[in-house]
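Participant: Following the hints, put chain B in place on chain A, whose structure we already have.
Sequence order for the protein chains is A and B.
Our numbering applies: residue 1 is where the first sequence begins, and numbers increase by one.
Our numbering applies: residue 1 is where the second sequence begins, and numbers increase by one.
Where hints are given, some of them may not hold.
If we take Cβ atoms under 7 Å as the criterion, some of the chain B residues that face chain A in the derived model are [claimed, not checked]:
#1 L8
#2 W9
#3 V10
#4 G17
#5 A20
#6 I21
#7 V22
#8 F23
#9 L24
#10 G29
#11 P75
#12 Y78
Hints are computed from structural coordinates only; laboratory data are not their basis.
Every residue gets a Cβ at the ideal spot worked out from N, C-alpha and C, and that includes glycine.
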Amino acid sequence: MSLSTIAGGLRRIGAGTRQAISRIGFAARFFVAVILHTPAAIRRIQLTLREVYFAGVLSLVVIMVSGLFVGMVLGLQGFDTLNRYGAGDSLGIFVGLSLVRELGPVVAGLLFASRAGSAITAEIGLMKTTEQLSAMEMMAVDPLARIIAPRFWGGVISMPLLAALFSVTGVFGAYLVGVRLIGVDNGTFWGNMQAGIDFWPDVTNGIIKSFVFGIAVSLIAVFEGFDAKPTAEGVSSATTRTVVGGSLAILALDFVLTVFMFRGVGE
Amino acid sequence: MKRSTIDLWVGIFVTIGFGAIVFLALKVGNLTSLNAAPSYRLEARFDNIGGLKLRAPVKAAGVVVGRVAAVRLDPKTYEAIVALNVDNGYEFSKDTIASILTSGLLGEVYIGLNAGGDPQMLASGEQIAKTQSAIVLEKLISQFMFDKASSGVSK
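The following block holds chain A by itself, in its conformation from the complex (with noise of 0.2 Å):
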């Protein structure tokens, strides 16, 4: 009896490994046909802009308010803890490094993942659970190119943009509270910030990190309303799984990035 008990046990764990395995390699076989079907996404341009406007656009308004707000919040707490040591008037450079180099790209990304990432997700699964995918291959249209390369490559092209209106957004409400309400010089506010930024590798590192974002988080978005279940509760699921999935991919992303940029800083 315990026998068989742990023997089924034993199938069960084999089986959902052997599962979960070929989710990854089907995954990569799709990446790897998303990425071929680009030439589709860049000949019907249109489509593609118009993924741009959903995934870019309509995200606007909830990237520049959260901007605001963590900046305005990183504007008290970090002058707070800054004058304790006297050094309150460094908070231009604490407030610039923290959003362009992890703020910026990681929330934006979070919030990219949630806005954009599950609505892609929820689409497709639709699309796929009333058969219009099925439909277009009847009709000799392959919707890898019709409908997912356009939706990957608007999310990759919107993401970067994104971060970088978070960045200065949190920049400006970190202005707003630490010159404007506590009184930190403007000048020295402004003059630390651009004296301890560099263009290279701070900010270029911050477009790379959220450019990388961008690619993972439409990924998992088009590949998870590709794979869902044909039923109500697939699409739900499958949404689910975007944004858990896409917001692990992107702290886990973000924490390898950032041994790789950050390799030669101690020398």
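Facilitator: Same frame as chain A, now just chain B:
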């Protein structure tokens, strides 16, 4: 939604997105350090460079005139060889003294150049003969304590 409306909004979005990147480059970061002024290379030997880092500023009379380009160890003399990139506009006499200094107690470490009176100027690739090593605070304190202790014994 009409196609032209979407185009308009995407255009606005892309424009302000790139505007944000330009803002980050110019107002938040200093893009000027990317295309630095043309410079020439000088070298200086130090017994101890303390906490000197790559890209640390080289200052003359407090004005930044260059950056530290490379730091390596001479395997024979065990001296540190520091390569400096000095902006082309500035020339320094042969008897210039290079010293490693710290701005403030906890500030950044930089190289200070004190120009001398020699009419001949240092050319690219030459070595600065006179150098002053970093003052290591721990050594200074232990020396001071040692002096105090020995003077106390002799009393």
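Participant: Look at each hint and say if it fits the structure.
Facilitator: Verification of the hints:
{"no.": "1", "hint": "L8", "result": "violated, 10 Å"}
{"no.": "2", "hint": "W9", "result": "holds, 5 Å"}
{"no.": "3", "hint": "V10", "result": "holds, 5 Å"}
{"no.": "4", "hint": "G17", "result": "holds, 3 Å"}
{"no.": "5", "hint": "A20", "result": "holds, 4 Å"}
{"no.": "6", "hint": "I21", "result": "holds, 5 Å"}
{"no.": "7", "hint": "V22", "result": "violated, 9 Å"}
{"no.": "8", "hint": "F23", "result": "holds, 5 Å"}
{"no.": "9", "hint": "L24", "result": "holds, 5 Å"}
{"no.": "10", "hint": "G29", "result": "holds, 4 Å"}
{"no.": "11", "hint": "P75", "result": "violated, 19 Å"}
{"no.": "12", "hint": "Y78", "result": "violated, 19 Å"}
This entry does not satisfy hints 1, 7, 11 and 12, going by the numbered hints stated previously.
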